[in-house]
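Same order as they appear, the protein sequences are chains R and X. Yeah, the first sequence ends on 108 if you go by our numbering, and it's all consecutive. Yeah, the second sequence ends on 213 if you go by our numbering, and it's all consecutive.
Incorrect hints may appear among the rest.
Listed next, with one range per pair, are the computed distances between beta-carbon atoms [what the hints assert, rightly or not]:
no.: 1; chain 1: X; residue 1: Gly-152; chain 2: R; residue 2: Asp-92; range: 42 to 50 Å
no.: 2; chain 1: R; residue 1: Asp-24; chain 2: X; residue 2: Gln-154; range: 25 to 33 Å
no.: 3; chain 1: R; residue 1: Gly-43; chain 2: X; residue 2: Glu-88; range: 26 to 34 Å
no.: 4; chain 1: R; residue 1: Gly-43; chain 2: X; residue 2: Gly-90; range: 21 to 29 Å
no.: 5; chain 1: X; residue 1: Glu-88; chain 2: R; residue 2: Pro-20; range: 27 to 35 Å
no.: 6; chain 1: X; residue 1: Gly-152; chain 2: R; residue 2: Ala-96; range: 44 to 52 Å
no.: 7; chain 1: X; residue 1: Thr-146; chain 2: R; residue 2: Gly-43; range: 43 to 51 Å
DSS-like cross-link-like pairs, simulated, lysine-lysine; straight-line CA separation at most 25 Å [what the hints assert, rightly or not]:
no.: 8; chain 1: X; residue 1: Lys-87; chain 2: X; residue 2: Lys-55
no.: 9; chain 1: R; residue 1: Lys-83; chain 2: R; residue 2: Lys-42
no.: 10; chain 1: R; residue 1: Lys-41; chain 2: X; residue 2: Lys-87
no.: 11; chain 1: X; residue 1: Lys-75; chain 2: X; residue 2: Lys-87
no.: 12; chain 1: X; residue 1: Lys-134; chain 2: X; residue 2: Lys-149
no.: 13; chain 1: R; residue 1: Lys-41; chain 2: R; residue 2: Lys-83
no.: 14; chain 1: X; residue 1: Lys-132; chain 2: X; residue 2: Lys-149
no.: 15; chain 1: R; residue 1: Lys-41; chain 2: R; residue 2: Lys-94
no.: 16; chain 1: R; residue 1: Lys-41; chain 2: X; residue 2: Lys-55
no.: 17; chain 1: R; residue 1: Lys-83; chain 2: R; residue 2: Lys-6
no.: 18; chain 1: R; residue 1: Lys-94; chain 2: R; residue 2: Lys-83
no.: 19; chain 1: R; residue 1: Lys-41; chain 2: X; residue 2: Lys-132
no.: 20; chain 1: X; residue 1: Lys-132; chain 2: X; residue 2: Lys-55
no.: 21; chain 1: R; residue 1: Lys-6; chain 2: X; residue 2: Lys-132
no.: 22; chain 1: X; residue 1: Lys-134; chain 2: R; residue 2: Lys-6
no.: 23; chain 1: R; residue 1: Lys-42; chain 2: R; residue 2: Lys-94
no.: 24; chain 1: X; residue 1: Lys-55; chain 2: R; residue 2: Lys-42
The hints are simulated quantities; they were obtained by calculation from the structure and are not laboratory data. We treat Cβ as the ideally placed atom computed from N, Cα and C, and that holds for glycine.
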Amino acid sequence: MKQPSKPHDVGGLAGGPIDPGEHDIAYWEWQIDAMIRLALKKGLISDFAEMRDGIERLAPEDYERLNYYERWATSLAHTLLGKGVVSREALDAKVAEIRARQSAEASQ
Amino acid sequence: MSDHHDHDHARTFQPDHTEPTSDAALLGLALRELLISDGHYTAQEELRMMDAMQKASPHNGALLAARAWTDPDFKHRLLNDGANAIKEMGFNLLPIEFTVHENTDSTHNVIVCTLCSCYPRGLLGMSPAWYKSKNYRARVVREPRTVLKEFGVQLGNDVEVRVHDSTAELRYMVLPQRPRGTEGWSAEQLAAVVTRDALIGTQRDLDINAVAD
Numbered sequence: 001m002k003q004p005s006k007p008h009d010v011g012g013l014a015g016g017p018i019d020p021g022e023h024d025i026a027y028w029e030w031q032i033d034a035m036i037r038l039a040l041k042k043g044l045i046s047d048f049a050e051m052r053d054g055i056e057r058l059a060p061e062d063y064e065r066l067n068y069y070e071r072w073a074t075s076l077a078h079t080l081l082g083k084g085v086v087s088r089e090a091l092d093a094k095v096a097e098i099r100a101r102q103s104a105e106a107s108q
Numbered sequence: 001m002s003d004h005h006d007h008d009h010a011r012t013f014q015p016d017h018t019e020p021t022s023d024a025a026l027l028g029l030a031l032r033e034l035l036i037s038d039g040h041y042t043a044q045e046e047l048r049m050m051d052a053m054q055k056a057s058p059h060n061g062a063l064l065a066a067r068a069w070t071d072p073d074f075k076h077r078l079l080n081d082g083a084n085a086i087k088e089m090g091f092n093l094l095p096i097e098f099t100v101h102e103n104t105d106s107t108h109n110v111i112v113c114t115l116c117s118c119y120p121r122g123l124l125g126m127s128p129a130w131y132k133s134k135n136y137r138a139r140v141v142r143e144p145r146t147v148l149k150e151f152g153v154q155l156g157n158d159v160e161v162r163v164h165d166s167t168a169e170l171r172y173m174v175l176p177q178r179p180r181g182t183e184g185w186s187a188e189q190l191a192a193v194v195t196r197d198a199l200i201g202t203q204r205d206l207d208i209n210a211v212a213d
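Pulled out of the complex, with its shape left as it was, chain R reads as follows (with noise of 0.2 Å):
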């Protein structure tokens, strides 16, 4: 049987039963993939392959642990790190903003 060289190369693999239910796309999900429509057309990464490079080199549990629009939003999140349009610094206090934001809205 064939062994994916990468996670996300798993055509002719076995798998399970699919669910062919219809899901809804949350909000948040809209806004990752509206994010990544934009990065593209305001050139702040030049084509889908750089987004799809950087899934790909997603480490297998991750690719298995994320669901599809947080595949992207890693992927985006490290390419624009790597090219320096936001500091890991930033980023990282943005998290914490609204994590906090997030609990005093659940408290209220």
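Guided by the hints, dock chain X onto chain R, whose structure is given.
Relative to chain R, chain X alone:
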């Protein structure tokens, strides 16, 4: 979707959905806020982009199928040079290559993207979750007849199955067979019975009594 039929497009994006809490989702949202505050794009541009993304629906692909059934010259162009033919209908996937594969009595086509999730979104809208799932991507190239059976497509042994694996540079769509009993129908009437799954290939026979959304 909500019962609201107003013009507040944002409403249809389900802002009430549970807040994401995973590290990866928050990383993405943090990146989004930074890109906006740094002026790389505006919240207004984001809304316009989401609106445009929502407007693309399988009805676009259905219109192409219906025109192909009613206009043999267009069908010829669609099957031979899809990327340019769809421009006649106001659609454009360029610079990506686009190829339409026609189902016949002896052939059934189905599309997948084994490496990722490539999909002709401008013609079919957002892809269903199963299309992006590992199980679909892995299995449809390995055991297409079994997978199609699970989707309710029963194929005789005399029907050849062709699976088309999309890439970042090449997208596919299936042209389903025109259903019997639709002689004299207008392209609009025909388009209404064409479903997303038929354009992907996980449905073969169209139901002429069902009107697609």
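How the hints compare with the structure:
1. Between X/Gly-152 and R/Asp-92 the CB atoms are about 48 Å apart, so this pair conforms to the stated range of 42 to 50 Å.
2. At roughly 30 Å, the beta-carbon separation of R/Asp-24 and X/Gln-154 lies within the given 25 to 33 Å, and the hint holds.
3. Taken as a hint, the range 26 to 34 Å holds for the pair R/Gly-43 and X/Glu-88, whose Cβ atoms sit roughly 30 Å apart.
4. Checked against the hint of 21 to 29 Å, the C-beta distance between R/Gly-43 and X/Gly-90 comes to roughly 26 Å, which is consistent with it.
5. For X/Glu-88 and R/Pro-20, the Cβ-Cβ distance of about 33 Å falls inside the hinted range of 27 to 35 Å, so the restraint holds.
6. At about 48 Å, the beta-carbon gap between X/Gly-152 and R/Ala-96 stays in the expected band of 44 to 52 Å.
7. For the hinted restraint 43 to 51 Å between X/Thr-146 and R/Gly-43, the CB-CB distance of approximately 44 Å keeps it satisfied.
8. Among the hinted pairs, X/Lys-87 with X/Lys-55 is consistent with the structure: their alpha-carbon atoms are about 17 Å apart, no more than 25 Å.
9. Of the supplied pair hints, the one linking R/Lys-83 and R/Lys-42 holds, its CA atoms being roughly 14 Å apart against a limit of 25 Å.
10. About 21 Å separates the Cα atoms of R/Lys-41 and X/Lys-87, which keeps this hinted pair within 25 Å; it holds.
11. Simply put, X/Lys-75 and X/Lys-87 have alpha-carbon atoms about 13 Å apart, close enough for the 25 Å limit, and the pair holds.
12. Only pairs whose Cα atoms come within 25 Å are accepted, and X/Lys-134 paired with X/Lys-149 is accepted, the gap being roughly 18 Å.
13. For the suggested pair R/Lys-41 and R/Lys-83, the alpha carbons sit about 16 Å apart, so the restraint of at most 25 Å is met.
14. Taking the CA atoms of X/Lys-132 and X/Lys-149, the gap is near 19 Å; set against the 25 Å cutoff, the hint holds.
15. Of the supplied pair hints, the one linking R/Lys-41 and R/Lys-94 holds, its CA atoms being roughly 24 Å apart against a limit of 25 Å.
16. Between R/Lys-41 and X/Lys-55 the CA atoms are separated by roughly 18 Å; this keeps the pair inside 25 Å, and the hint holds.
17. A hinted pair counts as satisfied when its Cα atoms are at most 25 Å apart, and R/Lys-83 with R/Lys-6 qualifies at roughly 24 Å.
18. With a C-alpha separation of about 18 Å, the suggested pair R/Lys-94 and R/Lys-83 falls inside the 25 Å cut-off, and the hint holds.
19. Using a Cα cut-off of 25 Å, the hinted pair R/Lys-41 and X/Lys-132 holds, with the two alpha carbons roughly 24 Å apart.
20. At roughly 20 Å between alpha-carbon atoms, X/Lys-132 and X/Lys-55 fall within 25 Å of each other, so this suggested pair holds.
21. Proximity of R/Lys-6 to X/Lys-132 is assessed by CA-CA distance (about 17 Å); at most 25 Å being required, the pair is judged to hold.
22. For the suggested pair X/Lys-134 and R/Lys-6, the alpha carbons sit about 13 Å apart, so the restraint of at most 25 Å is met.
23. For the proposed pair R/Lys-42 and R/Lys-94, the alpha carbon gap of about 22 Å is at most 25 Å, so the pair holds.
24. A threshold of 25 Å between alpha carbons decides the hint, and for X/Lys-55 with R/Lys-42 the separation of about 21 Å falls inside it, so the pair holds.
Hint compliance for this structure: no hint is broken.
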